[in-house]
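Taken in sequence, the protein lines are chains A and B.
Residue 209 in the numbering used here sits at position 222 of the first sequence; the count goes up by one each step and never skips.
Residue 488 in the numbering used here sits at position 5 of the second sequence; the count goes up by one each step and never skips.
Rather than coming from a laboratory, the hints here were simulated on the basis of the structure.
Be aware that one or more of the hints could be misleading.
[Claimed, not checked] Derived DEER-like restraints, expressed as beta-carbon distance ranges:
#, chain 1, residue 1, chain 2, residue 2, range
1, B, MET616, A, ASN187, 50 to 58 angstroms
2, B, SER548, A, ILE28, 29 to 37 angstroms
3, B, SER548, A, LEU223, 44 to 52 angstroms
4, B, LYS572, A, ASN368, 44 to 52 angstroms
5, A, GLY176, B, LYS572, 51 to 59 angstroms
6, B, HIS538, A, TYR248, 47 to 55 angstroms
7, B, SER548, A, HIS233, 46 to 54 angstroms
8, A, ARG147, B, HIS538, 23 to 31 angstroms
9, B, GLU595, A, LYS265, 55 to 63 angstroms
10, A, ILE28, B, GLU614, 34 to 42 angstroms
11, B, MET616, A, LEU51, 30 to 38 angstroms
12, B, PRO609, A, GLY68, 38 to 46 angstroms
13, B, GLU614, A, ASN187, 52 to 60 angstroms
14, B, SER548, A, LYS149, 35 to 43 angstroms
Given the structure is predicted, the values throughout are model-derived calculations rather than measurements.
All residues carry an ideal CB built from backbone N, CA and C; glycine is no exception.
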Amino acid sequence: MNNAIALLDCNNFYASCERVFNASVKEKPIVVLSNNDGCVIARSEEAKAIGVTMGSPLFKILDLLETHEAEIFSSNYALYGDMSWRVMNLLQNFTPEVEIYSIDEAFLNLEPRKNSLDNLAHSIREKMYKWTGIPVSIGIAETKVLAKIANKRAKKDELREKGILNLYRSDKTEPILKETLVEDIWGIGYRSTLKLKANNILTAWQLRETDNRFIRRLLTVVGARVALELRGIKCLPFEQVTTKKHSITCSRSFGQTITNYESIKEAVLYFLTRAGEKMRKHNLAANAVTVFISTDRFRPVPEPYTNSATYSSTYPTDSNQELQEWTLQTLERIYKKGFEYRKAGIILSGLVLKEKLTKRMFDDEHFQQQHQLMKAIDEINQKFGKDTVRFGCVKTEGSWKMKQTRKSQSYTTNWNEILVVN
Amino acid sequence: MQEIKSFVNGRVFPVPEFEPLLIPLVLSRVSAGFPSPADDYIETAIDLNKELIRHPFATFFVRASGDSMIDVGIKPNATLIVDRAIETKSGDIVIARIGDDLCVKELFIDDEGKVLLIPKNANYKPIIISEDMDFEIWGKVVCSINRH
Chain A
-12 MNNAIALLDC NNFYASCERV FNASVKEKPI VVLSNNDGCV IARSEEAKAI GVTMGSPLFK
48 ILDLLETHEA EIFSSNYALY GDMSWRVMNL LQNFTPEVEI YSIDEAFLNL EPRKNSLDNL
108 AHSIREKMYK WTGIPVSIGI AETKVLAKIA NKRAKKDELR EKGILNLYRS DKTEPILKET
168 LVEDIWGIGY RSTLKLKANN ILTAWQLRET DNRFIRRLLT VVGARVALEL RGIKCLPFEQ
228 VTTKKHSITC SRSFGQTITN YESIKEAVLY FLTRAGEKMR KHNLAANAVT VFISTDRFRP
288 VPEPYTNSAT YSSTYPTDSN QELQEWTLQT LERIYKKGFE YRKAGIILSG LVLKEKLTKR
348 MFDDEHFQQQ HQLMKAIDEI NQKFGKDTVR FGCVKTEGSW KMKQTRKSQS YTTNWNEILV
408 VN
Chain B
484 MQEIKSFVNG RVFPVPEFEP LLIPLVLSRV SAGFPSPADD YIETAIDLNK ELIRHPFATF
544 FVRASGDSMI DVGIKPNATL IVDRAIETKS GDIVIARIGD DLCVKELFID DEGKVLLIPK
604 NANYKPIIIS EDMDFEIWGK VVCSINRH
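Chain A extracted, bound-state conformation (with noise of 0.2 angstroms):
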């Protein structure tokens, strides 16, 4: 129980991709770009001593990026997934007890010996530097969300070079809870913040030396945890299976906008079987289908509207067919006339393990035949290709395709794109 809790986060992870294999943009600002090369979700730490915001479009910033020649890409997700393969994998070298939590991040379990976390961290981050080339940061503390905090401040300051701080059993936890604003800790939203902040409740210190009854009753017990855990008492478990996937979502924005009916159809059934596929390979089978369709969120014409539905069931099911007919009837209930869509996505929610699904009291057998028909499709177009079998009414991507025009090599995942040197 009296483990240590380190969280790992791969500096910059995207542009430290690029950078691995493009030595020609090491020092310069890098932005990466969200699919279809829409606004900025990755910025190095040059990008960001320029001036350029997450979320920013590059229409608007395209000025900026000259001026300081920074570097452009697309998001290249191959190359991306399979560093973070890489870094993930060579963790478990270190401790068999690694949660994987997003792409660039993971929290290790580690048994705190005396004077060896700080030196485990440091041949950690010394090896996961020369075996990937990806730089990383480790905070390390007695819960997940102080490990959070002491991850953030790691990458701070006088602390960057070394990229390691231990808050495990130290004194420097209470000066640095001090000055952590409550919006900056993990697991408090916008809502709770205001609400602390409407009760002086201004630091992560002050929300940890609070009473526990009264946070409770403020942010209900997902609240309460996070303040627990400010006081070192772990509430949030060490999840190591991540498999356990609540939702899928597919959704992508448009190379260009989109008005009429039949596109956006073809569009969200695209999703759909894309978003299937990926259910049925991990076993799965959902509940409810979400549609969102949405205008240019920069540009609306015109006038923004954004709506989704959800369409749920009381027999989850793992048929393209039936969750196409879910699908349909939810995006009808969503589409307006005269709108330019930029943008829209399915969720598959609801998930469940197929194993664990309750017979049909109707029809069950035709859902026995469906599934054995998706499970037919799915395998032959893992062999042969995406989209060699779908459904009649599922094209395959189209004008709606991703614009991808400043992706780098797929350097470590295609065999014709793999870096040159002289």
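Chain A is fixed; fit chain B onto it per the hints.
Okay, now just chain B, sitting in the frame of chain A:
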């Protein structure tokens, strides 16, 4: 081929395609607890990945352009297997970064600690790495593959 015959009840049977050497092998395996006879073949299957890649998470494929390393057998367009995990020493073929460029050369460190990158082709000159150069070893070339 050796012809093997066995006597059963005074009659002679030819034993077709029987290799006597297999018998003790089968017996010994049975006593070891019934593994699948196919195991033998699985174990001896040749896996290039296993043979050539010691540290999968630190290994990258790189293509060599040009002929500056022709004397060590790296032809233009050869595929290099590069392992970043291995500590490099003088005499190793390495991928090195000098400023904005990555290149493949032989690493040479003399007695005084001076570092040189040496092309393996008489038409090219060695590069002397001075203190003020932005220089880094990217990885060690452990294997090169030329297509013929």
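Verification of the supplied hints:
no.	hint	result
1	B:MET616 - A:ASN187: 50 to 58 angstroms	56 angstroms, holds
2	B:SER548 - A:ILE28: 29 to 37 angstroms	32 angstroms, holds
3	B:SER548 - A:LEU223: 44 to 52 angstroms	50 angstroms, holds
4	B:LYS572 - A:ASN368: 44 to 52 angstroms	48 angstroms, holds
5	A:GLY176 - B:LYS572: 51 to 59 angstroms	53 angstroms, holds
6	B:HIS538 - A:TYR248: 47 to 55 angstroms	53 angstroms, holds
7	B:SER548 - A:HIS233: 46 to 54 angstroms	47 angstroms, holds
8	A:ARG147 - B:HIS538: 23 to 31 angstroms	28 angstroms, holds
9	B:GLU595 - A:LYS265: 55 to 63 angstroms	58 angstroms, holds
10	A:ILE28 - B:GLU614: 34 to 42 angstroms	39 angstroms, holds
11	B:MET616 - A:LEU51: 30 to 38 angstroms	31 angstroms, holds
12	B:PRO609 - A:GLY68: 38 to 46 angstroms	39 angstroms, holds
13	B:GLU614 - A:ASN187: 52 to 60 angstroms	56 angstroms, holds
14	B:SER548 - A:LYS149: 35 to 43 angstroms	38 angstroms, holds
Of the hints listed earlier, there is not a single one the structure fails to meet.
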